[in-house]
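Student: Generate the whole structure from the sequences, applying the supplied hints.
One-letter residues, chain by chain:
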Amino acid sequence: MLSWMAWTWPTALIFICIFSAMGVLTVLEIRHPGGDERKGVLGLVTTRGDRLFISLLGSVYIHLAWLGIMGAPLWIPLGISILWGAFAFWKV
Amino acid sequence: MKPSYQKAWFFVLPVLVLVAFNALIPMMTVVNYSVQETFGNNLFFWQGVDWFEKLLNSDRFHAALGRQFLFTGIILAIEIPLGVAIALAMPRKGVWVSVCLVLMALPMLIPWNVVGAMWNIFTLPDIGLLGYFLNHVLGVDYNMTQSPLAAWMTIVAMDVWHWTSLVVLLSYAGLVSIPDAYYQAAKIDGASNWAVFRYIQLPKMKRVLTIAILLRFMDSFNIYTEIFVLTGGGPGNSTTLLSIDLVKIALGQFDLGPAAAMSLIYFAITLLVSWLFYTLMMRNET
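Here the protein sequences line up with chains L and B, keeping their order.
Per the working numbering: the first sequence = residues 1 to 92.
Per the working numbering: the second sequence = residues 1 to 286.
Since the hints were derived computationally from the structure, they do not count as laboratory data.
All values reported here derive from a predicted model rather than from experimental measurement.
One thing to keep in mind: the hints can contain errors.
Claimed, not checked - Straight-line distance between alpha carbons at most 30 Å, and here's what the computed DSS-like set of lysine-lysine pairs gives:
| no. | chain 1 | residue 1 | chain 2 | residue 2 |
| --- | --- | --- | --- | --- |
| 1 | L | 39 | B | 54 |
| 2 | B | 187 | B | 206 |
| 3 | B | 204 | B | 187 |
| 4 | B | 204 | L | 39 |
| 5 | B | 248 | B | 54 |
| 6 | B | 93 | B | 206 |
Stated by the list, open to error - Covered by chain L, according to a simulated footprint, are these stretches of chain B (three or more residues, beta-carbon under 8 Å):
| no. | segment |
| --- | --- |
| 7 | 28-34 |
| 8 | 38-49 |
| 9 | 165-173 |
| 10 | 258-271 |
To be verified - Only part of the chain B face toward chain L is listed, based on derived beta-carbon distances under 8 Å:
| no. | residue |
| --- | --- |
| 11 | 275 |
| 12 | 279 |
| 13 | 283 |
All C-beta atoms, glycine included, are put in the ideal place defined by N, C-alpha and C.
Tutor: Laid out in structure tokens, this is it:
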């Protein structure tokens, strides 16, 4: 039924990660409503959802930049992205 | 804080289903395509990040991206000030208000492919009204099928004609919502026209202008139909913007993998610029 979507394991894994992160945020939001709003180091007022968005968008650009300048493989940008995500949730 | 109105989430479900089918599932399919090669027949071969790597280092992609940013930059630089100026000049009371509003709304009612066809005929050098006038009355050598400059001027003029109205209507809505008390206070203080614009009208229009710039950015960055009908990306590749190049790769060459990779990069750029712009504009609002 889903053959037209041409699923592969790596892409499925990416979506599973994103949707799980959104699921975790939903549970957190139900337990602690208000989105943990704060003003971060970039001077932006962000909620948990904003911080996830910033992490993901940043990761996309980290990977694209690495791919454009250095080329595959992408383990190092993956590491940088994880650090960026941690930074985004911690400080931004 | 006590959780409240959690049941409201159920009312969002229909929208979620709609978005899933018209955006999320196609988007996920594009992601899947972008790491594979296909020759049709629903057969796919793993390709990894090859398409992305090739695309990021391809001169053709860089050129199309450059043209896209140039086009969007030019039309924003023209449409936003022009739209605000027209909105300021429009009457605020009386019968002429509806006349102006209807006149302004007219270009936006015309389907995109019709706009392309109209401007195509309008600018034909021998029979088009504008083309004939420029070539045979003013004696300017104007032919958008031969000269890249003429083609660019035509697509910019067409977009300005088609979409400045949107900026006008949004700015006008912002303008009429300013209470008279502000103008009276400015009059008492003896403020000049420029001061009224700078310190009353512009700040009050900030929100609608943000929306106007965002809409115009996204629409012009994703423009396809009008330019496809008007120039088809030519002469040569001179008006081949990102979307036109994308369709050439996807449908002309049937390279679905590279086209999917290109769509994702395209999407990432639109998303980043829109987010940055919105965040910076709304930064002091909260």
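Student: For every hint, state whether the structure bears it out.
Tutor: Hint check results:
1. L:39 to B:54: 40 Å, violated
2. B:187 to B:206: 22 Å, holds
3. B:204 to B:187: Satisfied, since the Cα-Cα distance of roughly 17 Å is no more than 30 Å.
4. B:204 to L:39: Judged against 30 Å, a Cα distance of about 25 Å means the pair holds.
5. B:248 to B:54: Given pair residue 248 of chain B, residue 54 of chain B holds - Cα atoms ~17 Å apart, limit 30 Å.
6. B:93 to B:206: Holds. Residue 93 of chain B to residue 206 of chain B sits at ~23 Å (cutoff 30 Å).
7. 28-34: Check passed, 5 qualifying residues.
8. 38-49: holds (count 6)
9. 165-173: violated (count 0)
10. 258-271: Per the Cβ count (3), the hint holds.
11. 275: Constraint on residue 275 of chain B satisfied, holds at 7 Å.
12. 279: 6 Å, holds
13. 283: Since chain L brings a Cβ to about 7 Å from residue 283 of chain B, closer than 8 Å, the hint holds.
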